[in-house]
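Sequences listed follow chains A and B, in order.
Using the numbering used here, you'd call the opening residue of the first sequence number 51 and step up by one each time.
Using the numbering used here, you'd call the opening residue of the second sequence number 51 and step up by one each time.
A portion of the hints provided could be inaccurate.
[Unchecked claim] Simulated restraints, written as ranges between beta carbons of each label pair:
{"hint": "1", "chain 1": "B", "residue 1": "P298", "chain 2": "A", "residue 2": "A371", "range": "50 to 58 angstroms"}
{"hint": "2", "chain 1": "B", "residue 1": "R171", "chain 2": "A", "residue 2": "D145", "range": "46 to 54 angstroms"}
{"hint": "3", "chain 1": "B", "residue 1": "E137", "chain 2": "A", "residue 2": "N200", "range": "52 to 60 angstroms"}
{"hint": "4", "chain 1": "B", "residue 1": "P225", "chain 2": "A", "residue 2": "V176", "range": "49 to 57 angstroms"}
{"hint": "5", "chain 1": "A", "residue 1": "L212", "chain 2": "B", "residue 2": "R342", "range": "42 to 50 angstroms"}
{"hint": "6", "chain 1": "A", "residue 1": "D220", "chain 2": "B", "residue 2": "E297", "range": "54 to 62 angstroms"}
{"hint": "7", "chain 1": "A", "residue 1": "R141", "chain 2": "B", "residue 2": "E137", "range": "44 to 52 angstroms"}
{"hint": "8", "chain 1": "B", "residue 1": "R134", "chain 2": "A", "residue 2": "R134", "range": "35 to 43 angstroms"}
Calculated directly from the structure, the hints in this document are not laboratory data.
Since this is a predicted model, take the numbers as computed values, not measurements.
Cβ coordinates follow ideal geometry from the N, Cα and C atoms, glycine included.
Number of protein chains: 2
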Amino acid sequence: MPDAVTMVEVSRGDFVESVHRGHAVISRADGRTVEAWGDSELVMLPRSSAKMIQALPLLESGAGASLTDEHLALACASHSGERRHVEKVARWLKDIGFDETALKCGPQVSEDAELAEEMIRTGEPVTRLFNNCSGKHAGFLTLARHLEANLEYVDPDHPVQLAVREAFEDVTVAPSPGFGIDGCSAPNFATTLSGLARAMAIFAEAREDGTARERAAARLRGAMFAHPELVSGKDRACANLMSAASEPIAVKTGAEGVYVAILPNRGLGVALKIADGATRASEAAIAAILVRLGALHRRHPLVSRYIDSPILNRNGSAVGAVRPTDSLLA
Amino acid sequence: MPDAVTMVEVSRGDFVESVHRGHAVISRADGRTVEAWGDSELVMLPRSSAKMIQALPLLESGAGASLTDEHLALACASHSGERRHVEKVARWLKDIGFDETALKCGPQVSEDAELAEEMIRTGEPVTRLFNNCSGKHAGFLTLARHLEANLEYVDPDHPVQLAVREAFEDVTVAPSPGFGIDGCSAPNFATTLSGLARAMAIFAEAREDGTARERAAARLRGAMFAHPELVSGKDRACANLMSAASEPIAVKTGAEGVYVAILPNRGLGVALKIADGATRASEAAIAAILVRLGALHRRHPLVSRYIDSPILNRNGSAVGAVRPTDSLLA
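With the hints as extra help, turn the sequences into a complete structure.
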């Protein structure tokens, strides 16, 4: 199998201090590879980059018939736990007759640093609503209620997860070789990198007037593009790259160095995995690939910070940089 | 040049999710390599792993004649900014007629999570004393005063840094190809990985009744071993590995995946660099190499957590692990 390719270099002064290698695939919906780096057939866990796939049964089943684009963006989100995220998920749960105690995702300190400090000062408890996956879990609960199933919805044999697995295998066009348990306690199904890229291309090609699955995929991709800061948060890479794009695109990060992109205008899907799992590298690499494809301008201020990201010392001086290599950009 | 070697695997369920590659050298003081992985001649920045080298001129010059082992451990430290660290550095500065405003290292939030929260609650300001390098900077100031030099001691042409460079080139036994600016604004001199390992072996072999340099090196290595929690902090890897060792050893982490070890009983020095800069991997790798050498027992509770480090989800369940590969352990 092909080795990972050097994708990102971290420099300090005149020295390359660290390097990040990775794998990436640009695919069409029929499975044709447009371009690839490293091992396309790498078996990997997509982590949170699969959230739009995990949300498909919510819409296909009819469970989410009354949900707005904001709900759907949150279902696909790794949100920052800002007030707006937490309040919207709390209202969603209330609307379906639950509260935060029904969430199985565990608590997480808000990634909004100002809010996190405010909560420490005021003694406000860190609840499961602040978990970056709380919207995904609200979607799971909505589907569980619709299916009249029990509320142990993170059990891999629960009807919700069986539906997720079926959708996942359908859009990756292969049986999943298994799952790991994600940070939020839900199963995360494995696939190949090319399978994940193909799934993103299927999302890109999905017609708004197509099959139930196509309509669901088109709706989710549109909800992500319409609400980039609900999918992530203020000044997060997903929000910045979607906002900066010169055409409608949806992008999504996943833990351990995963990134995916959906490019409807081009009928393309992208999936990448940094071998060592570093987010600083996955952000640089997805930005570079989207610049390469022409969907982002490298000098756009919301893009250039990922193409040439300064490393600051504790006095605030730039002493190094994180940069994608020419293997991706040139 | 030889490629980096896979040193650490990160698993989730049945899947290897991420891998960390790196380079390592075990050396004798005369430069003979005992064992090596990857590229021994990798040019690298040792970052904080060089702090005991940066402290040599403090003792050799006589500037540190009245300093205790606690001072010297702090001079070699990347401390956690706990109360004891901050108070001891503040007292040191006061004793030489300075206060924290003389430090050039910039402020840093305490890595003692409980204290950091308390400081947010009480509004206590984050000062430069909390910077993990404040002890190193107190040492630089002590030397600057002794040399009757100005206080711009992080300038690469300042007498303090010229003395550091001379000592650095002497124990790495090669001219340094240059420097990067560290997180604390001091110059960090580059060397090869084999040069850094040889420097650690020179520290290991240094006789307490030897030359001025040998006496300084032996004193610093002893101060580190005597005060592992001043060199790092409560439950930090450096403290845990030094405390668990079955013989006196000194170990030190550096940013971007660097680790070094000094083994006086064996006359050996170790230096390793994780190519992607991940600390979770450098901790696993140095623990594995020290187990391999027999200086640590892999089942010691302060060691096993780095040999088989569980990954917990947000509900506190173990869902994966970080483990060194057999290339280091077996």
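Next item on the list: With 49 to 57 angstroms as the target window, see if B:P225 and A:V176 comply at their CB atoms.
Entry: Given range 49 to 57 angstroms: holds, Cβ gap about 52 angstroms.
Note to self: Given the hint of 35 to 43 angstroms, is the C-beta distance from B:R134 to A:R134 inside that range or not?
What the structure shows: holds, 41 angstroms
Check: If you check the beta carbons of A:D220 and B:E297, does the distance land in 54 to 62 angstroms?
Finding: holds, 59 angstroms
Checklist line | Outcome for the supplied range 50 to 58 angstroms, where the beta carbon pair is B:P298 and A:A371 | finding: violated, 40 angstroms
Margin query: Looking only at beta-carbon atoms, does the pair A:R141, B:E137 fall within the given range of 44 to 52 angstroms?
Written below: Given a distance of about 48 angstroms, which is inside 44 to 52 angstroms, the answer is holds.
Item checked: Beta-carbon spacing of B:E137 to A:N200 - inside the hinted bounds 52 to 60 angstroms or not -> At roughly 55 angstroms between Cβ atoms, A:N200 and B:E137 fall inside 52 to 60 angstroms, so the hint holds.
Notebook entry, point to check: Is the hinted range of 46 to 54 angstroms satisfied by the C-beta distance from B:R171 to A:D145?
Noted result: For B:R171 and A:D145 the Cβ distance comes to about 35 angstroms; the hint is violated.
Notebook entry, point to check: Between A:L212 and B:R342, does the C-beta distance stay in 42 to 50 angstroms?
Noted result: holds, 46 angstroms
Checked against the numbered hints above, the structure violates hints 1 and 2; every other hint is satisfied.
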